[in-house]
Every structure is written in C-alpha cells, then in structure tokens.
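Novice: As a plain string of letters, each chain reads:
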Amino acid sequence: MSSENFEASAGGADSSVAEFDIRQKSALDRMQHFLHGNPAMVPVIILVLSVAVFGVIAGDRFFSMFNLSLIMQQVAIVGILACAQTLIILTAGIDLSVAAIMVLSSVIMGHLSVTHGLPTFLAILIGIAVAMGCGFMNGMFVTRFKLPPFIVTLGTWQVFLAVTYLYTGSQSIRSQDIDNSAPLLKFFGERIFVGGAVITTGVILMVVLFAVFWYVLNRTAWGRHVYAVGDDKDAAELAGIQSDKVLVSVYVVAGFICGLGAWASIGRVGSVSPTSFFEGNLDSITAVVIGGTSLFGGRGAILGALFGALIVGVFSSGIKLAGADPQWELFAIGWLIIVAVALDQWIRRVSA
Amino acid sequence: MRTLLMSSIAAVTVMGAGQAMADAHSIEACLITKTDINPFFVKMREGATAKAEELGMSLSTYAGKVDGDHETQVQAIETCIASGAKGILITASDTKAIVPAVKQAQDAGLLVIALDTPLEPIDSADATFATDNFKAGELIGAWAAATLGADAADAKIGMLDLAESQPSVGVLRDQGFLTGFGIDVKDPSRWGDEDDPRIIGNEVTAGNEEGGRRAMENLLSKDPGINVVYTINEPAAAGAYETLKAFGRESDVLIVSVDGGCPGVQNIADGVIGATSQQYPLLMASLGVEAIKQWAEDGSKPANTPGLDFFNTGVNLVTDQPAAGVESISVAEGLDRCWG
Numbered sequence: 146m147s148s149e150n151f152e153a154s155a156g157g158a159d160s161s162v163a164e165f166d167i168r169q170k171s172a173l174d175r176m177q178h179f180l181h182g183n184p185a186m187v188p189v190i191i192l193v194l195s196v197a198v199f200g201v202i203a204g205d206r207f208f209s210m211f212n213l214s215l216i217m218q219q220v221a222i223v224g225i226l227a228c229a230q231t232l233i234i235l236t237a238g239i240d241l242s243v244a245a246i247m248v249l250s251s252v253i254m255g256h257l258s259v260t261h262g263l264p265t266f267l268a269i270l271i272g273i274a275v276a277m278g279c280g281f282m283n284g285m286f287v288t289r290f291k292l293p294p295f296i297v298t299l300g301t302w303q304v305f306l307a308v309t310y311l312y313t314g315s316q317s318i319r320s321q322d323i324d325n326s327a328p329l330l331k332f333f334g335e336r337i338f339v340g341g342a343v344i345t346t347g348v349i350l351m352v353v354l355f356a357v358f359w360y361v362l363n364r365t366a367w368g369r370h371v372y373a374v375g376d377d378k379d380a381a382e383l384a385g386i387q388s389d390k391v392l393v394s395v396y397v398v399a400g401f402i403c404g405l406g407a408w409a410s411i412g413r414v415g416s417v418s419p420t421s422f423f424e425g426n427l428d429s430i431t432a433v434v435i436g437g438t439s440l441f442g443g444r445g446a447i448l449g450a451l452f453g454a455l456i457v458g459v460f461s462s463g464i465k466l467a468g469a470d471p472q473w474e475l476f477a478i479g480w481l482i483i484v485a486v487a488l489d490q491w492i493r494r495v496s497a
Numbered sequence: 648m649r650t651l652l653m654s655s656i657a658a659v660t661v662m663g664a665g666q667a668m669a670d671a672h673s674i675e676a677c678l679i680t681k682t683d684i685n686p687f688f689v690k691m692r693e694g695a696t697a698k699a700e701e702l703g704m705s706l707s708t709y710a711g712k713v714d715g716d717h718e719t720q721v722q723a724i725e726t727c728i729a730s731g732a733k734g735i736l737i738t739a740s741d742t743k744a745i746v747p748a749v750k751q752a753q754d755a756g757l758l759v760i761a762l763d764t765p766l767e768p769i770d771s772a773d774a775t776f777a778t779d780n781f782k783a784g785e786l787i788g789a790w791a792a793a794t795l796g797a798d799a800a801d802a803k804i805g806m807l808d809l810a811e812s813q814p815s816v817g818v819l820r821d822q823g824f825l826t827g828f829g830i831d832v833k834d835p836s837r838w839g840d841e842d843d844p845r846i847i848g849n850e851v852t853a854g855n856e857e858g859g860r861r862a863m864e865n866l867l868s869k870d871p872g873i874n875v876v877y878t879i880n881e882p883a884a885a886g887a888y889e890t891l892k893a894f895g896r897e898s899d900v901l902i903v904s905v906d907g908g909c910p911g912v913q914n915i916a917d918g919v920i921g922a923t924s925q926q927y928p929l930l931m932a933s934l935g936v937e938a939i940k941q942w943a944e945d946g947s948k949p950a951n952t953p954g955l956d957f958f959n960t961g962v963n964l965v966t967d968q969p970a971a972g973v974e975s976i977s978v979a980e981g982l983d984r985c986w987g
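Residue numbers (the numbering used here), protein chains in the order written: chain A, 146 to 497; chain B, 648 to 987.
It is worth saying that the hints were derived from the structure and are not from the lab.
Each hint should be verified, as a subset may be incorrect.
Computed, partial: chain B to chain A, Cβ under 8 Å [said to hold, decoys possible]:
1) Ile684
2) Glu811
3) Asp843
4) Val851
5) Glu889
6) Ala893
7) Glu897
8) Asp899
9) Pro910
10) Gln913
In silico contact screen, one side only, chain B against chain A (beta carbon under 8 Å); selected entries [what the hints assert, rightly or not]:
11) Pro686
12) Gly829
13) Asp831
14) Arg860
15) Arg861
16) Glu864
17) Lys869
18) Gly872
19) Asn914
By construction, the Cβ of each residue, glycine as well, lies at the ideal position given by its N, Cα and C atoms.
Let's have the full structure, built from the sequences with the hints guiding it.
Specialist: Pasting the structure below:
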C-alpha cells in the first residue's frame, strides 16, 4: 500500500465541516417568526380575514361603510373597558369589576346632575373621581393586603353592583329627562357623518384612549414599569421599581378610564341604566385575550385589545346579518377565545 | 372557633325570637323573588311588606343573586320551612327545578303561591297570582294592527325579545303580540319559528336599554324599512327608541311594550312608546299575603279565575291614542296605577 493513498478509505465519508443543523424553513416557521416579532399582527390578520369572510357570506348589508361604522359604535364601550382591562392584565392581574365601576360611576353622574341638579360638568368629575376611588380600593387590597386581583375584584364587582342597585332602586333615568336637564351627559353620543359612515364621539374617545395608552405604555417610564412589574415583579423591584406604587397607580388609571367609559356609556345607551353592561367585565376580558395579551402578564400590545373588541363586533354583526341563530354567536366567540390563546402559546414556542 | 361560637349564639337568639313571635300568634310568611335588582320585584316586596304590616303578619324576604339563581331560592325555601312560616310566595327562577323544593314545603304544611311566573306544571303551586302575559301581548298586538289599519297587511315588524333561552314570560308576550296582530305563530311555545314575511327578525335585549339599542341597530341593518317594533319591556323600548332617533326614524315607527312601570308610562306621554300593557305586581303580592293569612286561619286555598289555571291579577292597555275595538286606559290613569 503506497503512502500517497492513506486517505482513500475516508473518501466515502462526509467531508463537510461541522456546522449547525439548518433545515429548510417552511412557510409555517417563517410565519411563526414573523408573529413572534409582531404580536399585534395576529388579531389584525384575524380581523381582516373575518371581515372578508362575512363580507362574502352576508353580502353588501354587512360590507357597507354604514354597517362597518355601526360595528365601531357597538364595540366602543366594551373597547374602552378593554383598554382599562389591558393595563391590569399586563400586570398579571385581572379586573372583574371594570363594568361595575363604570355603571356605578354613570348612575352617580346621572343622579347628581338630573335628580339633584348639580352642574353637569361637576357631576361628571365626581363620577370619574368615584371610579378612580374604586380603582384605588382595588389597588390597595392587591398591594397592602397581598390579595390576588381575581379575588379582590370578584368581591368589589359585587359590592359596586350592590351599591349601584341600592343607590338607584334599579331605576333608569329616562333619556328625555337627561335631554332636558343635563344634555352634556350625552356628549359621547353625538354623531359625525363621514361619507356613508356614521361614527360617534364615543368611538373617537375609544380610539384616542388607545392611541394615548399605546404611547404611554411604549414611550414613558411609567409604561415600561407596568410591563416590568407584570413580567417579573421581583426583578423589577431589584431594578429599583417601586412595584406596589406602580400597581396601585395602574388600578387608579384603570378606574379613570372606566369613569370616562361611564360618561361615554350614557351617550351610547341614551338613558342612565343600572342594569346595562351586566357582562361588560367578561366582554372586556374576551377582547383583551383575543387581542393577544398574555394573562400571565408583561406581554402584549394594547392595540390588540382594540382589534380584539372589533373582532367580536364583526363576528356578532356578521353572524346576525347572515341570518344564523344568535346562539352561534356565543359558539363562535367561545372558540375564538380558545384559538387565540392556543395561537399565542404556539407563537411563544418559537425556535431559532 | 370564636366565630362559630358567636354565630351559634346568634342563631339561638334568632330562633328564640322566632319562638317569641309564634307565641304572639303572629303569622309568618316568606317572599322569594328572582332578584332584588329588578324594580318589578322591588315593588312586589314593598307591596307584600305593606300588606303584612297591615294584617299584623311578619314577612321575611329572600332573593336570588341574579335571574336564574336557582340554588339560592331552594335554600330560601328550606329556611322558610325551618322558620315555621305558614306560607311562601315565590317568583321562581327555574320553574321546573323548583318543584321538588315546593313539594317539600307543601308536605310540611305550608301554602305555596307562585307570583308572576307560573311553575311547570302550573298546579305544582297551590295557587298562581300572575299577569296573563299572553293577553298582555295580545292587547298591544291588536292595538298596533288597529292603529296601522290597512297598512297592517304589509307592515315590517321587528321583534325585541328577552333572552335566547326563551323564558316563558318572553315567549307568552311575543306570541300574544303576534296573535293580536293577526299573525300565525306556529308553535306557541317558541318564538322565532314563524314564517310570515312581515316579521323582519327576532333579536334579544336582556330587557335593558343597552340591549334594546343594540338589538334595534341589528334589526335596522337587516331591513331599514321596519315600521312596527314589539319590545319585551319598557327599558328595551327606550333603548330601541334611541336607535330610531339615531337613524332619523323616531317619528314613523310604532313601538309597543309590556310592563307599565312609571318611567314606561311617562314614555308614552312623551311619544317614545305608542302603547304598553300594564301589569300589577303590588296587587299580586298583597293578594298573596292575604291568601296566606286565610290559609293559616281556616285552611282554605284561593280559587283560580274562571276559565284559567291561575288567578289573573289583570292587565290594562295604556295609550294616549286609543284604537277602535281595543279597550285601553289613559296615560293619566296609567301613571296613577304604575309601579316603580
């Protein structure tokens, strides 16, 4: 055997240099990566798809500017509640009392201005202050007494509802009485005509709130602290964040948003109605979850909640206009929640 | 341990007090309502309390947390039996499931009267004091048809119902309205199975303003030409009116409703609602309290209204635009007799 041929036996072996295993990326993998980088895109894609699908099934009655703007009006109040709910959920909490705070605040606004004749503007300020006080109460129970937010707000939800019913005797204040003595209460019911679309000032309030809180959460120290506390409270504290103060402030701000929602709800409903929005708390959580915000805290984009609320509105309108039984709406929204969370889990498992 | 001790002492004290009252021959009665948040039940409780005071009876009141809270009502019945009450007035949340608990009370010698909502079967209660909800619907249906006159033949009707689960009160009013209007209702135990082209659609409202507004929006999206709207109650009607105002249709659509609460009757005067069927919860409650007294004294049970399987506490059509052939009372009289 000649010495020049000593490597001939290795000729059949793999001669490539040691390297990482790179598979060809499938379209699905690329999708997973893209969504991981842009979490708010999931609800946007679902929204666009659902509008397209219902546009085909339900036809022009659904796919008109008028109906699409009507959906905006229908989701405005739940959207505003979902804005407040997002703040709480980002801190790994949950707030079952948002709608109860809103209804309590709205009956206070109504009774102070219509029944007791206070200047409407003052009544609105007091109503918002009460809502912030309710939020403060939630925040104190969560931080001082270290109670889980679910339990605290399960309790205060019922307490606020009871106070509302006791205060009003469950009676509504009529639309006509509000027109006569406190028309400012209906400010957020004013309609604006843009082409074939009709939007209300309440819809504008919702959009502005989301824009403001998008900025606050992404571009201010307070906003980053909210994410930090929600992601890892201990780490946030080690980094010098006073997490209890941040938590209390989040609940107060959520209360403030509910107070604005109360004002907007009077414009939407027309009357001051203690029995309306009974399931507003669950509707707001649905919007946030479909919008892709993680219930474990610290992850999610606030605009997701806006799209989440719109998706629910589109399903609700589309299913009705397609002529299906209303039960199918519950059925579809229920599955949507589960699919949204499953999708979120899948995106989180993204691998390099 | 300490709280247990305290509550035991409290319980003994209460039992002692109950004993003392029984010694004074005060007849005890219980009132169990679906909730205590609906003005209808608030009024019913006020009526029962006033009557009990007048007759020198003692009345305990209980309510479910929300409409449909069956468990709390069963507990309330058990508490009433244990307290030695002579009778129970109940508006049942679950009209079928409550029957065994009612039977238990009857076996213990209590008179059980269903108020407002009949049990299933209706004779499970010793008596039922209720509004004839079918009749209430029929009155507003007949009024709407008479008011439209010849136009009734091509009316476009929107139906604003209570809930998807189709509770009996909602079905009776809905089917009564359609019958009064002259529409074939097919199966009278369900709404929504009619095929008359004049019906544009059924939407649910949960019986509040927000639900009424949303439901009316959805119906108008289906067909903007709707000109007659049936509503399950007056808050839903107020919500529907807000939508009609937003669509600029408030002056050419006829809204009819059922209940006769004071804000609802006021809304007739203000042109929001065309006509409403007024019912009388105070009367149901006070008649019920009287019946329990009678039962405690001589063991006699109240009789039904002839031709019906319950005692009809009456219903009146309230409107400021009387229609030929439909009996009605004025808004002034309606306001005089309204509740809530």
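Novice: Hints first: check each against the structure and report whether it holds.
Specialist: Taking the hints in turn, this is what the structure says about them:
Hint status for B:Ile684 relative to chain A: holds, with the closest Cβ pair at about 5 Å, below 8 Å. The beta carbon of B:Glu811 comes within 5 Å of a beta carbon in chain A, closer than 8 Å, and the hint placing it at the interface holds. Of the supplied interface hints, the one on B:Asp843 is violated, with its beta-carbon coming no nearer than about 16 Å to a beta-carbon of chain A, more than 8 Å. Below 8 Å, beta-carbon pairs count as interface contacts, and B:Val851 has one with chain A at about 6 Å; its hint therefore holds.
Annotation: B:Glu889 was flagged as interfacial toward chain A, and the flag holds, the nearest CB pair being 3 Å apart, inside 8 Å. Hint status for B:Ala893: holds, given a least beta-carbon distance of 6 Å to chain A, under 8 Å. Against a cut-off of 8 Å between C-beta atoms, the interface hint on B:Glu897 is violated, since the closest Cβ of chain A lies about 11 Å away. With a least beta-carbon distance of about 19 Å to chain A, the hint placing B:Asp899 at the interface is violated under the 8 Å criterion.
Of the supplied interface hints, the one on B:Pro910 holds, with its beta-carbon coming within about 5 Å of a beta-carbon of chain A, less than 8 Å. At a threshold of 8 Å, the smallest CB-CB gap from B:Gln913 to chain A is about 7 Å, leaving the interface hint in force. A least Cβ separation of about 5 Å between B:Pro686 and chain A falls short of the 8 Å threshold, and the interface hint therefore holds. For B:Gly829, the shortest C-beta to C-beta distance to chain A is roughly 25 Å, which exceeds 8 Å, and the interface hint is violated.
Violation of the interface hint for B:Asp831 is found here, the shortest Cβ-Cβ separation to chain A being roughly 21 Å, above the 8 Å cut-off. At about 6 Å, the closest approach between the beta carbon of B:Arg860 and any beta carbon in chain A falls short of 8 Å, and the interface hint on this residue holds. For B:Arg861, the shortest C-beta to C-beta distance to chain A is roughly 6 Å, which falls under 8 Å, so the interface hint holds. Interface restraint check: B:Glu864 against chain A, minimum CB-CB distance 6 Å, threshold 8 Å, status holds.
For B:Lys869, the interface hint holds, since its Cβ comes within 8 Å of a Cβ in chain A; the closest pair sits about 7 Å apart. Given the 8 Å rule on beta carbons, the hint for B:Gly872 is violated: about 13 Å separates it from the nearest Cβ of chain A. Given hint, B:Asn914 at the interface with chain A, holds; its Cβ is 7 Å from that chain's nearest Cβ, closer than 8 Å.
When each numbered hint is compared with the structure, violations occur for hints 3, 7, 8, 12, 13, 18.
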